[in-house]
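Q: If you count the sequence shown from 1, position 14 lands on 39 in my numbering, and the numbers rise without skipping.
Be aware that one or more of the hints could be misleading.
Cβ-Cβ distance ranges computed for the label pairs, FRET-style [what the hints assert, rightly or not]:
1) G133 - M91: 14 to 22 Å
2) T130 - R29: 39 to 47 Å
3) R63 - A103: 21 to 29 Å
4) A86 - E61: 22 to 30 Å
5) T130 - A110: 29 to 37 Å
6) S107 - E43: 34 to 42 Å
7) E43 - D101: 20 to 28 Å
8) V128 - S78: 23 to 31 Å
FYI, nobody ran anything at the bench for these hints, they're computed from the structure. Fair warning: this is a prediction, and the values are worked out from it, not measured in the lab. Every residue gets a Cβ at the ideal spot worked out from N, C-alpha and C, and that includes glycine.
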Amino acid sequence: MDGRRLEYVAHWVTPVVEPRRYDTRFFAAVVPEGSEARIDPREMVDAVWLRASDALDRHEAGDLPMIFPTIRTLEDLAHFTSAEALLAHYRETSVPMVMPEIVQTETGVALRIPDRR
Numbered sequence: 026m027d028g029r030r031l032e033y034v035a036h037w038v039t040p041v042v043e044p045r046r047y048d049t050r051f052f053a054a055v056v057p058e059g060s061e062a063r064i065d066p067r068e069m070v071d072a073v074w075l076r077a078s079d080a081l082d083r084h085e086a087g088d089l090p091m092i093f094p095t096i097r098t099l100e101d102l103a104h105f106t107s108a109e110a111l112l113a114h115y116r117e118t119s120v121p122m123v124m125p126e127i128v129q130t131e132t133g134v135a136l137r138i139p140d141r142r
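Could you put together the complete structure from these sequences and hints?
A: Here it is in structure tokens:
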């Protein structure tokens, strides 16, 4: 795929207190019909093209494990009515870096997203 077709949609960084840290960026694109996903076996075991809402449904059903940044990014993307609308939005949007904070709650530890303003 031509990298110029990718739109930058999210940037997540692991909280400072975590011993293993990641700085991850998410991209979206319209994929030509019939395209096949290829994987790097050092990084992944499988790949599939899905709509954001379908990926979230599979996660909720227990069929597609995901971590917090992926879930939250897909929730943001699922609000768009078309891939074209999503891509047009992110072409004009500055993508903020998001670093969740670990907070203590009455029921245990949780992640909180700082205000993105």
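Q: Hint by hint, say whether it matches the structure.
A: How the hints compare with the structure:
1. G133 - M91: 14 to 22 Å: Since the Cβ atoms of G133 and M91 sit about 20 Å apart, the hinted range of 14 to 22 Å holds.
2. T130 - R29: 39 to 47 Å: Roughly 43 Å apart at Cβ, these two residues keep to the hinted range, so it holds.
3. R63 - A103: 21 to 29 Å: holds (25 Å)
4. A86 - E61: 22 to 30 Å: holds (24 Å)
5. T130 - A110: 29 to 37 Å: Taking Cβ atoms as reference, T130 and A110 lie about 35 Å apart, which means the hint holds.
6. S107 - E43: 34 to 42 Å: holds (36 Å)
7. E43 - D101: 20 to 28 Å: holds (22 Å)
8. V128 - S78: 23 to 31 Å: For S78 against V128, whose Cβ atoms are near 28 Å apart, the range 23 to 31 Å holds.
The earlier numbered hints are all upheld by this structure, with none contradicted.
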